[in-house]
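Trainee: Residue strings, one per chain:
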Amino acid sequence: MSLHLYDYVLSGNCYKVRLFLALLNQHCDVTAVDFFPGEAHLSPTFLEINPAGTLPVLTDGDLTLCDSAAILVYLAQKYDNSGTWHPSTDAATSAWIQFWLAFASKLSDTVGQARLHDMLNLPCDIDATRTAGHRALRELESHLSEQGFRGHRFLIGDTPTIADIACFPYAALAPDGGIEHDDYPAVRRWLVDIRRLPRFIEMPGIHRLHDQADDPTP
Amino acid sequence: MTSPDIAQDDWYPVAIAAMLTAGAEQRVTLMSHTLRVTRDAAGKATVTDDHGTARPVCEAHGHVWSSIGTPPHPIFSLPEGVQDGRRLVDCGPVRVKASPLRVVENFLDIAHFPFVHTDILGAEPHTVVAPYDVEIRDTVDEVWATKVSFYQPQAAKSASDGIVTEYEYRVPAPCATILYKTCPPRPAEMDVIALFVRPLNEELCDAYAWMALFDDDTALEDLIQFQQTIFLQDRSILENQVPRKLPLDPRMESPTRADKTSIAYRRWLKRRGYHYGAETRGV
Ligand SMILES: N[C@@H](CCC(=O)N[C@@H](CS)C(=O)NCC(=O)O)C(=O)O
Ligand SMILES: [Fe+2]
Chain C
1270 MSLHLYDYVL
1280 SGNCYKVRLF
1290 LALLNQHCDV
1300 TAVDFFPGEA
1310 HLSPTFLEIN
1320 PAGTLPVLTD
1330 GDLTLCDSAA
1340 ILVYLAQKYD
1350 NSGTWHPSTD
1360 AATSAWIQFW
1370 LAFASKLSDT
1380 VGQARLHDML
1390 NLPCDIDATR
1400 TAGHRALREL
1410 ESHLSEQGFR
1420 GHRFLIGDTP
1430 TIADIACFPY
1440 AALAPDGGIE
1450 HDDYPAVRRW
1460 LVDIRRLPRF
1470 IEMPGIHRLH
1480 DQADDPTP
Chain A
352 MTSPDIAQDD
362 WYPVAIAAML
372 TAGAEQRVTL
382 MSHTLRVTRD
392 AAGKATVTDD
402 HGTARPVCEA
412 HGHVWSSIGT
422 PPHPIFSLPE
432 GVQDGRRLVD
442 CGPVRVKASP
452 LRVVENFLDI
462 AHFPFVHTDI
472 LGAEPHTVVA
482 PYDVEIRDTV
492 DEVWATKVSF
502 YQPQAAKSAS
512 DGIVTEYEYR
522 VPAPCATILY
532 KTCPPRPAEM
542 DVIALFVRPL
552 NEELCDAYAW
562 MALFDDDTAL
572 EDLIQFQQTI
582 FLQDRSILEN
592 QVPRKLPLDP
602 RMESPTRADK
612 TSIAYRRWLK
622 RRGYHYGAET
632 RGV
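The listed protein sequences correspond, in order, to chains C and A.
Under my numbering, the first residue of the first sequence carries the number 1270, and numbering increases by one thereafter.
Under my numbering, the first residue of the second sequence carries the number 352, and numbering increases by one thereafter.
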């Protein structure tokens, strides 16, 4: 079986998949879809693959998955030998993973939308969208600072899971949409912890840590 | 301020020519004016302002160009754009919260490659820019930088290894800039990458990247997304530059950022009296 990703390089949802594949050290063939300026995700050829007209899409043999959260769950269960990325040891942990995967959509619909507006001039009510984006980041901030008191660096416990991967891109890209990180210190620390992960890859708007090589992970 | 009309009388990109289909209408902002851009059934592009008055229009280098003033000259020429065998690639307008002049200046600056486009257009420890030539060509009134060379891990989508890339940079108009660079699959030719900028106001603009490449193998989507990757890396840097406008006062230039080409560009803007998007206090 071979993995195939339909990808758009500026999409945070696609980057969730690229990033997770890189962290797993898992190879995947990639087809670039001209989301902008070509709007190829709305072309008949692409709608044949995903009638919803959204990216990313991952195929593995006969299986086609059209949602970034579903793709992360699939990759974790199938390709993560460590079993740490999607721990399903107890009911509460499974539920929390589910919670953050859903929360990631909220980030995408608010912070991600503001970014598309500011960057590619896609129409939206920008003030309302930014306000909702800040509300989502406040929610994330409050959880991460509580995690900090418990001595946990990530959304669930002290090791990263697909919950972190799902929430990372749009939280990190918020300034692209005019939503600054200034008021979210716990979020900023968490963003750095994710960028420190071995085999981390960047995307435009999310820089790698330039001291990564010399900076031993604490 | 000398003449505020200098900037108004230039040509600016208002649409990607291929995306303005017959019967289509696009509304764009140019220097705080709303313009309606259309193409009639006969294929002719027209631009009207918010009073319904027809504005100047021309089609060149993959774009429709217009002006809120009266351009005294035709648009600059770019012969490579019609050279046989080149693939023309529209990368689309990307909005940037910065002065159009800063966007152009950033495009001219090589020193940022290893830090902003790490492992693509540059890589540590290859951070030193070798000496090169810069001139203001009076005959054409353009800024040119030549004999620029720089080590690049992945100079183009078609490059498989690191190479020393040769560059020439050209600024034919204050909000337009073009580079010529080593073309990995065709060593005798140079690839052309242009950035055409439309100011929405002095601190906000749409940047259209456009390429004329010799590369018959790479998928169009990959060519576009390679360029978008580069430009979006720049965007997050550009939006954080302070002040948002480009300082033309030499005392406001920080010596590290202002490389030779950028100094020439600023001088040329000042000499022309082009102050739109510039910080002119002290000039
Ligand atoms: N729930 C989907 C949403 C993906 C999504 O909205 N992708 C954007 C690109 S980031 C897209 O394809 N948008 C197309 C559209 O909304 O028309 C996921 O997480 O994969
Ligand atoms: Fe750059």
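Simulated from the structure, these hints should not be mistaken for laboratory data.
Cβ atoms here follow ideal geometry from the backbone N, Cα and C, with glycine treated the same way.
A hint or two may mislead.
Said to hold, decoys possible - Where chain C lies over chain A, by a calculated footprint (3+ residues, C-beta under 8 Å):
(1) 436–447
(2) 566–573
(3) 583–595
Trainee: Hints first: check each against the structure and report whether it holds.
Mentor: The hints, checked one at a time:
1. For the stretch 436–447 of chain A, the stated coverage by chain C holds: 6 residues have a C-beta nearer than 8 Å to a C-beta of that chain, and at least 3 were required.
2. For the stretch 566–573 of chain A, the stated coverage by chain C holds: 4 residues have a C-beta nearer than 8 Å to a C-beta of that chain, and at least 3 were required.
3. As drawn, the stretch 583–595 of chain A meets chain C at 5 residues by the rule of a beta-carbon pair under 8 Å; at three or more, the given contact holds.
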